[in-house]
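**Student:** The residues making up each chain are set out below.
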Amino acid sequence: MRNVLKHSVLFLLFMWMAFAPIQSMAQDNEQEPKKEKFDAKSFIFGHTGDSYCYHITEIKGDPVCVWLPVIVKCKDGGSWHCFSSKHVCELKGDETFEHNGAHFRIEPINAGKYPGKLVEVKAEGSLSRPFDISFTKNAFGIFLVCVFLLAFFLPAAKMYKKNPMGQPTKYQGLVEWLTYTVLDGIIRPNVPDKQVKRFAPYLLTVFFFIFFANLFGLIPIFPFSANVTGNLSVTVVLALLTYFFVNVFGNKHYWKDILWPDVPIFLKAFPLMPIIELISTITKPFALMVRLFANILAGHIVIMVLMALIFIIGGMYGAGMGGVMSIVSIFMTIFMTALELLVAYIQAYVFTILSSLFIGMAQHEPEHE
Amino acid sequence: MLLSTILEAVSYVPGLAAIAAAVAVIGAAIGIGRIGQSAMEAMARQPEAAGRIQSGMIIAGALVEGATLFAIVVCVLAVLG
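From first to last, the protein sequence lines are chains B and A. Sequential numbering from 57 applies to the first sequence in my numbering. Sequential numbering from 1105 applies to the second sequence in my numbering.
The hints are simulated quantities; they were obtained by calculation from the structure and are not laboratory data. Fair warning: there could be bad hints in the mix.
Said to hold, decoys possible - Counterexamples of contact, computed for chain A against chain B with all Cβ distances above 12 Å:
hint : residue
1    : Thr1109
2    : Ala1133
3    : Arg1156
4    : Gly1165
As the list claims (entries may be wrong) - Per label pair, the in silico range of CB-to-CB distance:
hint : chain 1 : residue 1 : chain 2 : residue 2 : range
5    : A       : Ile1134   : B       : Glu151    : 52 to 62 Å
6    : B       : Asp95     : A       : Leu1181   : 43 to 53 Å
7    : A       : Leu1107   : B       : Phe99     : 33 to 43 Å
8    : B       : Trp233    : A       : Gly1119   : 20 to 30 Å
9    : A       : Glu1152   : B       : Ala76     : 43 to 53 Å
10   : A       : Glu1152   : B       : Val304    : 32 to 42 Å
11   : B       : Ile331    : A       : Gly1137   : 35 to 45 Å
12   : B       : Asp95     : A       : Met1105   : 32 to 42 Å
13   : A       : Leu1107   : B       : Pro317    : 25 to 35 Å
14   : A       : Leu1181   : B       : Phe191    : 23 to 33 Å
The model shown is predicted, which means the values in this text are computed figures rather than measured ones. Every residue gets a Cβ at the ideal spot worked out from N, C-alpha and C, and that includes glycine.
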């Protein structure tokens, strides 16, 4: 009985796929093309970059967005302005929005000195970029991940504290399993046992933050679709945190190995080795930053390009071909999204294991002969 | 003169950046392929160490890919800026 159901569903799916292009070709012949050319670049970079408003969809040409607040401080004058991004996101052409005497608008993505950013248009027409701490889409995404992490992990901690010898519930078991895969698999092999308690909070936090931020970037529904880790600003902060934890808590032996290593004098007299070692302390977090950023951003761009192909082909050859293309494109997008799930886990894993490796190397006690 | 006309007519930067990105991916593919090859051989030799070999393979693969993505990011910067 179940087999019959499964087979009939598959049969219907196949029939729909085979005949859907015909339906879209019929629509194609009816309407003549209303040619506004599909702007692939702004489509792709609009979805993978940061933005001041949270664009959900368009109903009858009217954009449906969640308007996030814009919080800026003008450079000369120093006045703070806080307003909803609805006013600046819907401007057309050269219009500006005036708020308490200052004029603002958002530069277009394709050209200009500050692509996609909010600028203040001064009286004589020059543009200046104010001090901008707006609550943009990525900031919203970061806060969402943080709230999710707190809501997911803190109740388990409270349960353990209240009843340490009790029987763990299923939820506690899940949290325990997640934490121990990271703790025993990633942190304990690399960080010396005495220091595990000191560094485990940071390493666990960074693993789960990156993992859930990557996952949330893949869900296309409203609050979840912010591309958080595919943004250089976010990954640079994570890399700086690793740099801080590695170097500030580094061993005396670690610093001695950097600044005055056990090598012949001609290598460390004019500071050759120390400079190379100091540069290497910077390049390792830099590689962490670029690796995470490029992997996640590349995945998002590939998915967006596959989706944009539908509209590009539809624009070139009419809506019928767009319909055909959509079937192929959706299959490829599903495959790419599945690959991105794997990449989300692997990137969190690699970031955490390399951070713990660096921290472990900085805490390394030399064996005494 | 024809050569200089051809050379100066159009900006070759996007095309060269695309070729450079493809060359970088060749390096990554060869590197990750070799990592996978040696990991498979080691796992076949000693199946009980398969878990440790697999995590080492993932780490090495991610490091190689990180280096490749440096090159890709440089190509994108060359095109955009």
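**Student:** Decide, hint by hint, whether the structure agrees.
**Tutor:** How the hints compare with the structure:
1. Thr1109: About 29 Å separates Thr1109(A) from the closest Cβ of chain B, which puts it past 12 Å; holds.
2. Ala1133: About 15 Å separates Ala1133(A) from the closest Cβ of chain B, which puts it past 12 Å; holds.
3. Arg1156: violated, 10 Å
4. Gly1165: violated, 8 Å
5. Ile1134(A) with Glu151(B): 52 to 62 Å: holds, 54 Å
6. Asp95(B) with Leu1181(A): 43 to 53 Å: For Asp95(B) and Leu1181(A) the Cβ distance comes to about 22 Å; the hint is violated.
7. Leu1107(A) with Phe99(B): 33 to 43 Å: Holds: the Cβ-Cβ distance is about 39 Å, inside 33 to 43 Å.
8. Trp233(B) with Gly1119(A): 20 to 30 Å: violated, 50 Å
9. Glu1152(A) with Ala76(B): 43 to 53 Å: 51 Å Cβ-Cβ, so the 43 to 53 Å window holds.
10. Glu1152(A) with Val304(B): 32 to 42 Å: Hint holds: Cβ distance 40 Å, inside 32 to 42 Å.
11. Ile331(B) with Gly1137(A): 35 to 45 Å: Holds, since Ile331(B) and Gly1137(A) (Cβ atoms, about 36 Å apart) stay within the stated range.
12. Asp95(B) with Met1105(A): 32 to 42 Å: Given about 39 Å between the Cβ atoms, the range holds.
13. Leu1107(A) with Pro317(B): 25 to 35 Å: This hint is violated: roughly 53 Å between Cβ atoms.
14. Leu1181(A) with Phe191(B): 23 to 33 Å: Check passed, 29 Å falls within 23 to 33 Å.
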